[in-house]
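Asker: Quick note, the sequences are listed as chains V and U, same order.
In terms of the working numbering, the first sequence is residues 1 to 277.
In terms of the working numbering, the second sequence is residues 1 to 262.
What the hints contain is simulated information worked out from the structure, not anything from laboratory work.
Treat the hints with care, as some may be off.
Keeping only pairs whose Cα atoms sit at most 27 Å apart, straight-line, the calculated DSSO-like set for lysine-lysine is [unchecked claim]:
1) V/206 <-> U/89
2) V/198 <-> U/238
3) U/83 <-> U/140
4) U/213 <-> U/238
5) V/154 <-> U/224
6) U/213 <-> U/199
7) U/89 <-> V/198
8) V/154 <-> V/64
9) U/89 <-> U/140
10) U/224 <-> V/64
11) V/198 <-> U/199
12) U/238 <-> V/64
13) U/224 <-> U/238
14) V/154 <-> U/194
15) V/198 <-> U/140
16) V/154 <-> U/213
Chain V side only, calculated, beta carbon under 8 Å to chain U, not exhaustive [to be verified]:
17) 47
18) 53
19) 54
20) 108
21) 190
22) 196
23) 236
As the structure is a computational prediction, the values presented were derived from the model and not from experiment.
Ideal Cβ positions, reconstructed from N, Cα and C, are used throughout, including at glycine.
Here is how the chains run, residue by residue.
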Amino acid sequence: MTIAYFPGCSAAGTGREFHESTTTLCEALGLALVEIPDWNCCGATSAAVLSPHLNVALNSRNLKQAAALDAPILAPCAACYNRLKTAQLELRENPALAREYEVPPRALELRIMNLPEMLLEYPGLERLKEMVKVDLSYLHPGAYYGCLMLRPPKAMQFDDAEQPTSMERILEAVGTRPVEWWARTECCGASLSLTTAKMVQHRVGKIVDCARRCEANCLVAACPLCVANLETRQTGEEPLPVYYLSEVVGAALGLEPAQLGTPRHLLSTALVGAKGH
Amino acid sequence: MTRPGACSIIPGKEAYLAENWAGPVPVCRVGKERNLSAPEYRGQERVLEGRHFMRVFDKDKESTADPDFVALLCELSGEDVRKCYQCGKCTAGCPVLEEMDLTPSQVMRAAQAGLRDLVLDSRTIWCCAGCQTCAARCPKGLDLSHVNKALASLAFAEGRTQAARDIAAFHQSFMDTVGLLGRSYELGMIGLLKLRTRKFLQDVAMGMRLFAKGKLGLFPEYVKGNAEVRRLIREALKRTREQARARPGLPQEQGAGGEAAR
Ligand code: SF4
Ligand code: SF4
Chain V
1 MTIAYFPGCS AAGTGREFHE STTTLCEALG LALVEIPDWN CCGATSAAVL
51 SPHLNVALNS RNLKQAAALD APILAPCAAC YNRLKTAQLE LRENPALARE
101 YEVPPRALEL RIMNLPEMLL EYPGLERLKE MVKVDLSYLH PGAYYGCLML
151 RPPKAMQFDD AEQPTSMERI LEAVGTRPVE WWARTECCGA SLSLTTAKMV
201 QHRVGKIVDC ARRCEANCLV AACPLCVANL ETRQTGEEPL PVYYLSEVVG
251 AALGLEPAQL GTPRHLLSTA LVGAKGH
Chain U
1 MTRPGACSII PGKEAYLAEN WAGPVPVCRV GKERNLSAPE YRGQERVLEG
51 RHFMRVFDKD KESTADPDFV ALLCELSGED VRKCYQCGKC TAGCPVLEEM
101 DLTPSQVMRA AQAGLRDLVL DSRTIWCCAG CQTCAARCPK GLDLSHVNKA
151 LASLAFAEGR TQAARDIAAF HQSFMDTVGL LGRSYELGMI GLLKLRTRKF
201 LQDVAMGMRL FAKGKLGLFP EYVKGNAEVR RLIREALKRT REQARARPGL
251 PQEQGAGGEA AR
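Work the whole structure out from these sequences, hints included.
Answerer: Have a look at this one:
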């Protein structure tokens with residue numbers, strides 16, 4: 001099974017362990033990740049602030065580049081996923097725009113997936129369960145969805161926007177015990193982290209507090225911006241560890257922490273309770 | 001004119017209904033009691049401390065309504081701003097309220113009323129995190145992130161970023177690196193941001209920690225087709241400026257936006 005991979009800019013920077021764990025995990029799952037040739041930045045949270053046309057402009061090029069591979073696209077970063085999918089929808093609804101940007105019809109049909117979405121299908125929950133090698137039942141993660149994977153629901157069409165379950169289902173399948181909590185879809189403050197750090201600290205504080213009160217012993221997310229904020233803007237003595245979904249699934253499958261990028265975390269560089277920690 | 005009542009946003013809080021341009025608007029009162037209709041508050045923008053705030057609008061002062069503004073905003077944002085019926089759901093769920101001066105629903109109401117200066121100079125349009133919680137909940141199917149970002153792009157094109165210079169500088173620095181390389185590059189972006197905001201020491205320790213973990217690339221990755229990306233950015237910015245200019249109420253020779261593409 002070939003998957004067109006859109007790593008996103010953070011793969012070379014703050015989200016490096018997400019990139020490393022995703023590629024290692026896909027290899028173990030027998031999925032052939034092929035990087036979309038010469039992809040460009042999706043525009044993240046900034047493009048639309050400078051011009052409402054920028055999202056479609058930037059991602060029309062990405063979709064064109066992906067069309068050559070003709071495989072479903074995996075965009076693990078929630079922002080990339082959101083921007084690609086929004087642009088694709090806009091181009092699909094407005095054929096004149098698609099012609100203007102010379103986006104081939106094939107590119108408008110390509111499936112765009114986020115990480116949990118992909119795992120639910122390739123390999124699927126049953127197969128994941130069979131592949132588990134390491135007992136992670138000591139992990140009680142709070143699955144944190146954040147915003148961009150789910151919203152706006154009419155464009156994302158993925159899971160329930162207010163009560164999602166996909167990450168919990170995956171985490172349960174690989175043997176962890178996800179907790180029930182409510183701040184799962186609360187915004188972390190996104191890119192305001194660099195300019196209004198106080199506000200982001202406040203948001204992150206609330207999210208972490210809720211997870212703790214619901215007896216989570218770590219947070220698991222699938223967005224590099226969320227993880228960066230949750231890791232860097234936690235205050236307090238004993239911060240709650242934060243991991244990527246791909247790391248936890250990979251660890252359950254018996255993959256090495258170093259390959260999964262786990263030592264790169266700022267807070268906890270090993271899965272809590274793991275041997276030697 | 002103010003009347004006390006129960007706050008519709010935060011349960012258990014006392015609120016006032018302030019009469020203003022939009023009819024009665026519910027606001028929360030925290031801290032010291034104030035007579036919002038006292039002469040010293042007329043036309044004054046921010047009268048309450050903390051997280052809960054309001055503006056007292058002076059009908060005479062806000063007389064610069066632009067009747068064409070709402071049409072321009074609908075065109076730019078792709079959202080029919082006129083549909084908003086002020087239920088306040090967007091405001092109730094907005095995560096960044098504490099940073100805002102107008103609430104998200106107040107922005108909608110002000111835009112409907114054509115109060116372009118009020119919304120273009122507000123901090124709210126920059127603080128919107130784009131989380132789209134409002135989009136998931138608005139009973140009229142409106143996405144306020146589109147509205148706020150379209151307003152920010154207008155404010156940007158007019159060079160009026162004084163309400164949140166740091167945030168505007170962040171977005172500009174981000175897109176500058178994308179215009180240059182075709183991808184964003186954290187270290188370069190942060191460098192540009194620090195030059196623009198002159199806050200050189202902020203978060204330096206954090207940067208060192210990231211660096212030690214191999215998470216701040218020393219060398220940027222770039223896209224072979226970066227000239228094409230640059231052209232796409234330039235054209236999108238140009239299109240926004242033209243749309244904005246095609247409507248009355250804008251100064252003709254403006255346009256600070258677009259350094260990213262130049
Ligand atoms: S939720 Fe929608 S209709 Fe209600 S106030 Fe906000 S924008 Fe208006
Ligand atoms: S998208 Fe903006 S206005 Fe809407 S809830 Fe999020 S931060 Fe508030």
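Asker: Each hint should be assessed against the structure and marked as holding or not.
Answerer: Hints and how they fare:
no.: 1; hint: V/206 <-> U/89; result: holds (20 Å)
no.: 2; hint: V/198 <-> U/238; result: violated (35 Å)
no.: 3; hint: U/83 <-> U/140; result: holds (7 Å)
no.: 4; hint: U/213 <-> U/238; result: violated (40 Å)
no.: 5; hint: V/154 <-> U/224; result: violated (34 Å)
no.: 6; hint: U/213 <-> U/199; result: holds (24 Å)
no.: 7; hint: U/89 <-> V/198; result: holds (25 Å)
no.: 8; hint: V/154 <-> V/64; result: holds (23 Å)
no.: 9; hint: U/89 <-> U/140; result: holds (10 Å)
no.: 10; hint: U/224 <-> V/64; result: holds (15 Å)
no.: 11; hint: V/198 <-> U/199; result: holds (15 Å)
no.: 12; hint: U/238 <-> V/64; result: holds (23 Å)
no.: 13; hint: U/224 <-> U/238; result: holds (23 Å)
no.: 14; hint: V/154 <-> U/194; result: violated (38 Å)
no.: 15; hint: V/198 <-> U/140; result: violated (32 Å)
no.: 16; hint: V/154 <-> U/213; result: violated (38 Å)
no.: 17; hint: 47; result: holds (7 Å)
no.: 18; hint: 53; result: holds (4 Å)
no.: 19; hint: 54; result: holds (4 Å)
no.: 20; hint: 108; result: violated (18 Å)
no.: 21; hint: 190; result: holds (5 Å)
no.: 22; hint: 196; result: holds (6 Å)
no.: 23; hint: 236; result: violated (16 Å)
Against the hints set out earlier in the document, violations occur for numbers 2, 4, 5, 14, 15, 16, 20 and 23.
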